[in-house]
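Protein chains: 2
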Amino acid sequence: MRVPRLFVEQPLGEGQSIEIAAERAHYLRNVLRLRTGASVDLFNGRSGEWRATMAGIDRRRITLEIGAQRRPQADESGPVLLFAPIRRNRLEWMLEKAVELGVHALVPVVTEHAVVELGRPDRLRARLIEAAEQCGRLTVPEIGQVVSLEDVIERHAELVVADERRDGQPLLAALEDRPDSPLLVGPEGGFSDAERRLLADAGARFTTLGPLVLRAETAALFVLAAWRALESDVEDE
Amino acid sequence: MRVPRLFVEQPLGEGQSIEIAAERAHYLRNVLRLRTGASVDLFNGRSGEWRATMAGIDRRRITLEIGAQRRPQADESGPVLLFAPIRRNRLEWMLEKAVELGVHALVPVVTEHAVVELGRPDRLRARLIEAAEQCGRLTVPEIGQVVSLEDVIERHAELVVADERRDGQPLLAALEDRPDSPLLVGPEGGFSDAERRLLADAGARFTTLGPLVLRAETAALFVLAAWRALESDVEDE
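Keeping their order, the protein sequence lines are chains A and B.
Take 1 as the starting number for the first sequence in the numbering used here and just add one per residue.
Take 238 as the starting number for the second sequence in the numbering used here and just add one per residue.
Hints in this document: simulated from the structure, not taken from any laboratory.
If you're wondering where the values come from, they're calculated on a predicted model, not measured in any experiment.
Glycine residues also receive a C-beta, built at the ideal position from the N, C-alpha and C atoms.
Hints should not be assumed to be uniformly reliable.
[Said to hold, decoys possible] For each label pair, taking beta carbons as the anchor points, the in silico distance ranges come out as:
1. V268(B) x A157(A): 53 to 59 angstroms
2. R59(A) x H341(B): 33 to 39 angstroms
3. R70(A) x G381(B): 40 to 46 angstroms
[As the list claims (entries may be wrong)] Sample of chain A residues lacking proximity to chain B, with all beta carbon distances greater than 10 angstroms (derived):
4. G13
5. Q16
6. S17
7. S39
8. G45
9. G48
10. M54
11. E117
12. R120
13. A173
14. S232
Make the full structure from the sequences, and use the hints.
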């Protein structure tokens with residue numbers, strides 16, 4: 001069986017021991033049915049990945065003894081995804097896929113056509129952690145506070161904007177021109193004309209996503225997948 | 238409000254009228270709350286898209302009168318996706334996204350590491366239709382019968398295989414080398430060594446999906462997104 005990976009907030013180092021409580025302990029004990037002596041790989045986003053052993057189990061908490069480091073902390077820098085909030089099940093699916101595709105951070109943006117409340121931050125964070133554990137990442141992307149489009153433009157000069165219309169630049173070309181730009185994906189229904197003007201005046205690069213109408217979460221996945229594909233092609237050359 | 242799109246099996250032509258029954262009628266009447274005179278766009282995968290008007294509504298069925306053709310049938314040829322069945326909710330997500338990204342057809346493949354039963358064909362088909370209606374496609378991808386890996390190799394000489402390992406060809410390069418190849422995505426846990434040998438001997442091209450462990454449905458969408466991104470870049474050049 002694959003050794004489970006667990007994200008923890010605590011410092012990690014050989015010979016140390018840490019305690020896991022509440023849902024995480026429940027998960028190891030009752031879902032994965034791990035017993036004393038079982039292996040668990042730990043990461044905290046700062047110190048790489050460490051192999052730990054279950055040393056003590058009681059009803060409330062599990063004690064893990066940390067052994068050798070398996071992987072040093074690595075650079076997992078990826079794009080910042082700016083997105084309009086969407087309904088919860090689609091949002092959580094988008095978060096999971098964004099983590100798997102290597103997103104660095106996620107920032108929800110208020111737009112005229114997006115009327116959806118963002119879910120509970122702790123729940124969204126839990127989904128990001130779960131995805132990072134599952135896909136082997138050493139970092140968990142942050143999810144920022146909701147910001148306005150004006151804030152976004154102030155902070156980010158060189159946006160790449162995923163656009164419903166067909167008059168933008170092809171996606172791969174835009175990503176190659178602006179390899180380190182934040183990626184902004186609009187809401188269902190797209191940006192308003194005023195928002196498009198605001199973005200255009202700020203020097204944002206609009207990119208087209210092809211002939212079909214993509215759901216917001218599909219557009220986000222599409223843009224991140226294209227970024228990852230370009231990145232991997234370069235890495236592996 | 239955006240005019241709803243509806244896939245129908247019937248022939249479509251100006252001046253004709255067709256009847257919608259059961260869930261589709263319920264959807265138009267009770268979910269979208271459309272009334273007599275409302276517009277609905279119809280497509281059947283063969284004759285383009287037609288604007289129709291709700292002429293008659295009763296408890297069991299809705300009569301639509303077909304007006305002018307809005308779009309002629311277009312070529313929506315995309316890749317064939319060969320995939321290992323996964324759990325239902327993830328499979329249905331994958332189907333929806335595959336439709337949005339332009340998949341031509343979907344074929345479930347039995348692999349050693351995939352132990353999941355494919356869902357009910359009518360339910361899967363309904364999900365494909367729903368996605369095609371939503372994203373503006375003029376065709377609904379077929380979903381084939383479950384086949385063996387041996388069948389796949391017999392039918393398709395030039396596969397592109399999405400691979401968990403890192404020793405394959407970069408994805409974009411593989412897709413550019415084999416632009417019309419079917420795309421084969423393995424199950425969670427990847428292909429067995431025997432399956433990899435079988436595929437390699439058959440001349441399949443293995444492609445790497447980057448540093449992270451992708452869920453099966455993420456791998457499928459990643460490959461389709463990369464294909465779509467290359468396709469769009471070419472179209473729009």
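To see whether the hints hold, each was checked on the structure:
1. V268(B) x A157(A): 53 to 59 angstroms: violated (44 angstroms)
2. R59(A) x H341(B): 33 to 39 angstroms: The hint (33 to 39 angstroms, Cβ to Cβ) is violated, given that R59(A) and H341(B) are roughly 54 angstroms apart.
3. R70(A) x G381(B): 40 to 46 angstroms: With a Cβ separation near 41 angstroms, R70(A) and G381(B) satisfy 40 to 46 angstroms, so the hint holds.
4. G13: holds (25 angstroms)
5. Q16: holds (27 angstroms)
6. S17: holds (27 angstroms)
7. S39: With a cut-off of 10 angstroms, S39(A) remains clear of chain B, as the shortest Cβ separation is near 17 angstroms.
8. G45: Non-interface label stands for G45(A): nearest chain B Cβ at 15 angstroms, farther than 10 angstroms.
9. G48: holds (14 angstroms)
10. M54: Per Cβ check, M54(A) is outside 10 angstroms of chain B; nearest 23 angstroms; holds.
11. E117: holds (22 angstroms)
12. R120: Holds: least Cβ distance 21 angstroms, greater than 10 angstroms.
13. A173: violated (6 angstroms)
14. S232: It is violated; S232(A) is separated from chain B by about 4 angstroms at its closest Cβ, not greater than 10 angstroms.
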